[in-house]
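Residue numbers (the working numbering), protein chains in the order written: chain A, 1 to 214; chain B, 1001 to 1249.
Among these hints, one or two may not hold up.
As the list claims (entries may be wrong) - Quick partial rundown of chain A residues pointing at chain B, CB under 7 Å, derived from the structure:
{"no.": "1", "residue": "33"}
{"no.": "2", "residue": "83"}
{"no.": "3", "residue": "187"}
What the hints assert, rightly or not - Pairwise CB distance ranges, derived in the manner of DEER restraints:
{"no.": "4", "chain 1": "B", "residue 1": "1073", "chain 2": "A", "residue 2": "168", "range": "43 to 49 Å"}
{"no.": "5", "chain 1": "A", "residue 1": "150", "chain 2": "B", "residue 2": "1050", "range": "36 to 42 Å"}
{"no.": "6", "chain 1": "A", "residue 1": "162", "chain 2": "B", "residue 2": "1227", "range": "48 to 54 Å"}
In short, the hints are calculated from the structure, not lab data.
Here a beta-carbon is modelled for each residue, glycine too, at the ideal position from N, C-alpha and C.
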Amino acid sequence: MSLATLLLLADGRLPSGGHAHSGGLEPQIAAGRVRDVDGLDGFLRGRLATGGLVSAAFAAAACADTGRAAELDVGLDARTPSPALRRASRAQGRALLRAGRAMWPVPAIGREPHQPVALGALAAAAGLTPVEAAVAAAHGTTTGSASAAVRLLGLDPYAVHALLARLAPECDRIAAVAAARSGDPVDELPAAGAPLLDIGAEHHATWEVRLFAS
Amino acid sequence: MRAEARVVAESDGRGGTRLAVLRGESPLLLRRTGRPAGGGVTVHLVGGAAGPLRGDELRLDVVVGPGARLEMLSVAASLALPGRPAPPSRLTVTASVAAGGTLRWLPEPLIAAAGCDHDVVTRVDVAEGGTLLWRDDLVCGRHREASGAVRADTLIRYAGVALYRHELAVGPGAPGWDGAAVLGGGRAIGTVVAAGPQLPGPPVVGADAASMRLAGPGVLATAVGEDIRQVKAALDPWCGAALAPLALV
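The following block holds chain A by itself, in its conformation from the complex (with noise of 0.2 Å):
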């Protein structure tokens, strides 16, 4: 294990193409239910229990076997049945898996898998552990959406850190409970969903102007 390299792989500054993800956020605050840190502390909890939890599993999972990544892809398939959030999903991967092979030697898991399993193998093969792999996967849903709704809604960065900081300890134990259930089968794996997420990505994804991808 190694800190330094953990603190890598979930810095926001890995050139994987992030930034341009509200993960879902966009369209809620365009639907007047995300407008203060409040807002967005509600927001981030139910994205935390639900795609966070997921995304943590699946990362684990596939830190643990990177030869479970195909089946790990299609299990991911099944929990998002928004195809603008499935596209979501695999532009990041693909980006994700770049950056990583210039980092580390990242096995063949497939041109554009699912962005937590690429996530998971680059985890695996930077030397980390599942639990760290499902610590970066549960921090990253928090944060990047935390940093969009900076921009979209000209929150106080001082208030909206102050929320993630309220939030670390609920990623550690959402981090926790997934990389226990790692070696499930793929049907048994968190499968939590955010039907407003759903709803907002597919309208989002008709919009002429936006500002993030997804």
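Put chain B on the given structure of chain A with help from the hints.
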């Protein structure tokens, strides 16, 4: 309370469907209703007792054979209630649809009364060439009441491959369920999964509704509303829509 119910629908060999098994016990009572139409039969689920209440363990198995057509409805919403201190109530529904068979599962909503603690586990297997329409509506609390805890755990397989795998948790113990990622201010949600060679064609319309082409041979329509009327307005027409070939959806 423990109860089991079972329905087996088979082709009668003359273009129609017969019920080889129709067995239930309170609170899961089953009644064949209406006249055979379009080669299919309709079965209503009739709540024979209050609940589900904490501690209840209920199971319903549905089998649709080759060429058979079955529609499952319910006479009223089901109301999950708190009851005495006990483990969570649980309803397990399994269904299998053979090639050439059709199952339409269109029950009334489940209402999560304040204080309830209820699990719904759904496992559906559709063989290649089978047709499915599977609807689940959930209302979070009765009128102006806090939501109870409900966890729905759904797996629908088509031709042996997971087509739709979804869990939804609402109420106490479900972090962020009323936040803007999950249900926002909504207190009702409906989902319909259509699977098979023929699928409902038109898109679902509404600000908080959408139909989505799944990665496998199916479509999900989902709607979130302040109340169940908004959900029904978005999903009811879709459930009755004409089917179109998969390639055109």
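Notebook entry, point to check: Is 48 to 54 Å a correct range for the gap between the Cβ atoms of residue 162/A and residue 1227/B?
Noted result: violated (35 Å)
Note to self: Tell me if the interface restraint on residue 83/A is satisfied: Cβ within less than 7 Å of some Cβ in chain B.
What the structure shows: holds (6 Å)
Note to self: Tell me if the beta carbons of residue 1073/B and residue 168/A are separated by a distance inside 43 to 49 Å.
What the structure shows: holds (48 Å)
Checklist line | chain B contact restraint on residue 33/A - CB to CB distance below 7 Å | finding: Interface hint status for residue 33/A: holds (4 Å vs cutoff 7 Å).
Check: At a threshold of 7 Å, is the proposed contact between residue 187/A and chain B supported by beta-carbon distances?
Finding: holds (6 Å)
Check: Cβ-Cβ distance between residue 150/A and residue 1050/B: within 36 to 42 Å?
Finding: At roughly 50 Å between Cβ atoms, residue 1050/B and residue 150/A fall outside 36 to 42 Å, so the hint is violated.
Hints 5 and 6, counting from the list given before, are not met by this structure.
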